[in-house]
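Chemist: Between the sequences and the hints, there should be enough to build the whole structure, so can you do that?
2 protein chains.
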Amino acid sequence: MDFEQRLNENARLVTKQLGQHLMPGQHFGPPRTLADAMQHAVMSGGKRLRPFLMIEAARMFGRAPGRTIDAACALELIHCYSLVHDDLPAMDDDDLRRGKPTVHKAYDEATAILAGDALQSLAFEILAHPGCHANPTVRAQLVLELATASGWAGMAGGQMMDLEEEGKGGKTRLAVISRIHTMKTGKLIEFACVAGGHMAEVKPEEIDMLRSFGQLLGLMYQAADDILDTTASSDDMGKTAGKDEASGKATVVARMGLDKAKSYVATLEEEALKSLSPFGERAEYLIAATRFVAAQGR
Amino acid sequence: MDFEQRLNENARLVTKQLGQHLMPGQHFGPPRTLADAMQHAVMSGGKRLRPFLMIEAARMFGRAPGRTIDAACALELIHCYSLVHDDLPAMDDDDLRRGKPTVHKAYDEATAILAGDALQSLAFEILAHPGCHANPTVRAQLVLELATASGWAGMAGGQMMDLEEEGKGGKTRLAVISRIHTMKTGKLIEFACVAGGHMAEVKPEEIDMLRSFGQLLGLMYQAADDILDTTASSDDMGKTAGKDEASGKATVVARMGLDKAKSYVATLEEEALKSLSPFGERAEYLIAATRFVAAQGR
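Quick note, the sequences are listed as chains H and F, same order.
Residue 175 in the numbering used here sits at position 172 of the first sequence, and the numbers go up by one each step.
Residue 36 in the numbering used here sits at position 33 of the second sequence, and the numbers go up by one each step.
Heads up, none of these hints are tricks.
The list treats identical chains as one, so a pair stands whether inside a single copy or across any two.
Capping the alpha-carbon separation at 25 Å, the derived lysine to any residue pairs in SDA-like fashion look like this:
1) K174 <-> D228
2) K206 <-> H132
3) K174 <-> R35
4) K108 <-> E169
5) K108 <-> A249
6) K206 <-> T140
7) K171 <-> R35
8) K206 <-> G134
9) K246 <-> A269
10) K108 <-> G49
11) K171 <-> G251
Just so you know, these hints were derived from the structure itself, not from any lab.
Modeler: Shown next, in the form of structure tokens:
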């Protein structure tokens with residue numbers, strides 16, 4: 004099966020399972036508007052790249068996708084909650100996401116704040132549930148690592164720094180940009196890879212290797228995204244293109260120009276592929292994912 | 004030791020430990036402003052009633068406070084995050100909390116949204132950490148129950164319904180008010196009691212008894228708070244008094260008038276005390292906490 008087929012097949016599985024988790028009928032109580040807003044945030048497509056990485060990292064060690072899918076959903080919910088909050092007027096102020104109105108546009112700001120909050124809670128609910136993994140030590144470890152990746156020293160902290168650097172444009176040093184990228188985007192991608200290993204209960208050395216790969220891929224992902232924002236149209240992206248430059252975001256393109264940013268992505272691609280070499284052919288789909296992400300930054 | 008002394012002693016312990024968890028030095032990376040805003044949200048006093056309930060429920064079964072404190076901090080962080088988000092202009096729009104400017108007033112809205120988000124993550128990070136409890140099954144169970152209590156069918160869902168009923172004042176039926184109170188306030192208080200039992204690894208029947216007590220106490224807590232909002236001054240409360248009526252909130256006072264609301268609290272108090280009777284004298288401090296909460300609604 005080629006990469007795109009595999010990506011789509013996983014995305015279909017993940018989206019279906021997300022739909023199950025977001026059925027308010029399974030739970031007593033969530034008010035209708037809140038459940039609708041959460042569905043709006045999650046069920047509007049997306050490549051489901053983070054779940055793909057987790058599923059394929061686990062599959063590399065023999066754990067079937069159906070047995071990784073709940074943890075993959077939890078990760079995607081954290082990603083989706085962050086998009087809902089990042090899009091708010093007080094943050095990046097975006098009206099469009101994946102070609103649809105953002106949650107605060109389709110509903111209102113209060114609903115968007117609460118939908119994001121509840122998506123974060125739901126992620127940890129799913130991860131801690133016995134259905135996610137039979138071994139409670141694995142479940143607790145996954146919660147610990149996802150919470151750390153999402154929090155003040157991870158995704159939320161990275162978004163804070165990103166906002167603080169806004170308006171400085173090309174003046175932000177590359178070390179700071181890398182730190183923002185690592186925290187804002189990299190930590191969740193790193194978690195995707197590491198969690199796949201935890202789900203398959205692999206050795207600590209293998210976790211370390213997955214972590215190195217995830218860190219490089221995460222850095223590359225955000226750099227490629229910076230490039231895409233300058234080269235793609237809004238239609239291509241399903242969100243407003245060219246916003247980074249307009250708001251003076253600290254991006255690799257603003258710092259080093261388009262050509263050097265492209266070589267930076269190429270270097271990260273090479274390093275990420277190298278970090279996969281110990282896994283040999285088993286890493287086939289992680290290799291393809293690396294190339295796929297890098298291609299967006301060309 | 005009398006109740007107030009015990010409450011203050013526990014609050015001191017909990018506040019000290021919260022300070023430890025909120026020391027950015029322990030972690031690499033959180034941006035300074037975000038860490039400051041999180042500290043502002045958490046370190047500004049409060050009775051720490053939820054941690055008290057958890058600590059005393061566990062102590063009733065022989066588990067020392069020092070061995071419940073991390074889980075108690077995690078719960079308090081969830082409570083604090085919800086206050087930060089509830090105070091936002093798009094929600095309850097409050098400028099004052101515990102006599103100090105709310106987070107979005109002291110910082111800005113983006114920082115307040117992110118501080119709330121990161122406090123939620125930090126709660127689950129602490130709860131899932133081996134330092135919280137040696138048994139991973141207990142840790143995973145605590146995460147599962149706290150996430151459920153916080154999410155769309157719990158606290159966040161209750162806040163959503165509360166906003167939806169705003170402006171209807173006394174027209175909201177008591178069944179709906181009870182459901183809002185149970186979700187918005189009750190679920191975390193129920194968790195406090197149940198989690199104390201889980202920390203002490205008590206029998207399922209004992210968990211059930213703690214749950215019944217927590218549910219009654221939670222309902223009573225919010226009803227007493229509704230009363231307090233109409234009877235206390237802003238200075239007494241450390242937040243703007245009389246706001247419920249001004250914004251047409253669905254409160255027990257708006258629905259049934261002050262006198263009937265007071266009898267409602269008295270009935271809940273009686274039921275809550277009854278639910279503690281199987282524990283006998285061991286429940287001394289939970290009994291005192293029940294009386295303390297009820298006293299606010301007199």
